[in-house]
Amino acid sequence: KAGVTQTPRYLIKTRGQQVTLSCSPISGHRSVSWYQQTPGQGLQFLFEYFSETQRNKGNFPGRFSGRQFSNSRSEMNVSTLELGDSALYLCASSLDRGIEQFFGPGTRLTVL
Amino acid sequence: GQQVMQIPQYQHVQEGEDFTTYCNSSTTLSNIQWYKQRPGGHPVFLIQLVKSGEVKKQKRLTFQFGEAKKNSSLHITATQTTDVGTYFCRNNAGNNRKLIWGLGTSLAVNP
Numbered sequence: 001k002a003g004v005t006q007t008p009r010y011l012i013k014t015r016g017q018q019v020t021l022s023c024s025p026i027s028g029h030r031s032v033s034w035y036q037q038t039p040g041q042g043l044q045f046l047f048e049y050f051s052e053t054q055r056n057k058g059n060f061p062g063r064f065s066g067r068q069f070s071n072s073r074s075e076m077n078v079s080t081l082e083l084g085d086s087a088l089y090l091c092a093s094s095l096d097r098g099i100e101q102f103f104g105p106g107t108r109l110t111v112l
Numbered sequence: 001g002q003q004v005m006q007i008p009q010y011q012h013v014q015e016g017e018d019f020t021t022y023c024n025s026s027t028t029l030s031n032i033q034w035y036k037q038r039p040g041g042h043p044v045f046l047i048q049l050v051k052s053g054e055v056k057k058q059k060r061l062t063f064q065f066g067e068a069k070k071n072s073s074l075h076i077t078a079t080q081t082t083d084v085g086t087y088f089c090r091n092n093a094g095n096n097r098k099l100i101w102g103l104g105t106s107l108a109v110n111p
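These protein sequences, in sequence, are chains A and B.
Numbering-wise (the working numbering), the first sequence opens with residue 1 and increments by one.
Numbering-wise (the working numbering), the second sequence opens with residue 1 and increments by one.
Simulated from the structure, these hints should not be mistaken for lab results.
Don't be surprised by glycine CBs; every beta carbon is placed ideally from N, CA and C.
Heads up, some of the hints might be wrong.
To be verified - A short, non-exhaustive set of chain B residues, derived as facing chain A with CB atoms under 10 Å:
{"id": "1", "residue": "Tyr35"}
{"id": "2", "residue": "Gln37"}
{"id": "3", "residue": "Gln80"}
{"id": "4", "residue": "Gly102"}
As the list claims (entries may be wrong) - Using 30 Å as the maximum straight-line C-alpha spacing, the simulated DSS-like pairs for lysine-lysine come out as follows:
{"id": "5", "chain 1": "B", "residue 1": "Lys51", "chain 2": "A", "residue 2": "Lys57"}
{"id": "6", "chain 1": "A", "residue 1": "Lys57", "chain 2": "B", "residue 2": "Lys59"}
{"id": "7", "chain 1": "A", "residue 1": "Lys57", "chain 2": "A", "residue 2": "Lys13"}
{"id": "8", "chain 1": "B", "residue 1": "Lys70", "chain 2": "B", "residue 2": "Lys59"}
{"id": "9", "chain 1": "A", "residue 1": "Lys57", "chain 2": "B", "residue 2": "Lys36"}
What the hints assert, rightly or not - Derived Cβ-Cβ restraints for the label pairs, each shown as a range:
{"id": "10", "chain 1": "B", "residue 1": "His75", "chain 2": "A", "residue 2": "Thr80", "range": "25 to 35 Å"}
{"id": "11", "chain 1": "B", "residue 1": "Glu15", "chain 2": "A", "residue 2": "Glu100", "range": "23 to 33 Å"}
{"id": "12", "chain 1": "A", "residue 1": "Arg73", "chain 2": "B", "residue 2": "Val44", "range": "17 to 27 Å"}
Given these sequences and hints, build the entire structure.
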């Protein structure tokens with residue numbers, strides 16, 4: 001089985017721009033979660049989607065949004081980028097919530 | 001809300017020494033999962049503990065779940081340089097089954 005894939009792997013943007021990140025889960029996995037990881041902050045949960053519905057949401061501003069398509073692929077969008085949004089964005093898929101999550105390699109976003 | 005505290009935040013050991021990281025909660029945990037993230041990599045699932053007092057082993061790694069299900073530990077015997085990375089614990093919590101992650105313990109091993 002192919003693993004979780006994320007595109008792009010690296011991204012450089014400037015303040016005020018917007019960005020869309022993509023995640024393709026493992027075939028058959030319906031749950032997709034997004035995390036932001038910065039040094040010293042661990043894994044900050046952004047949101048979780050299951051069967052195209054947002055099932056859970058972390059404490060991030062409304063500039064962070066996401067969606068899931070019928071094929072379970074997911075995208076997350078960050079609008080009006082700020083310097084503090086520079087981070088590694090990780091996507092993880094699982095058969096369902098609470099079960100072992102499989103992480104993608106992440107997208108490294110740098111905001112200048 | 002429920003929090004999971006992980007200690008220590010950092011640990012530096014000499015190769016061959018043992019290492020332990022702890023995951024503590026003020027409330028009962030339904031389960032605990034442990035993940036390892038190598039430098040520059042992504043978290044990889046190690047194990048899940050569900051039962052009170054459960055102990056599981058993976059080669060040199062020993063995982064324990066406390067009797068009260070409020071804490072867990074990961075112990076590595078005779079560390080090797082391949083053990084370098086950050087170890088995270090994670091729990092499903094609450095009726096809406098929020099996923100709660102610890103901040104991780106970063107392990108450095110001197111050869």
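Which hints from the list above does the structure break, by number from lowest to highest? 3, 6 and 10
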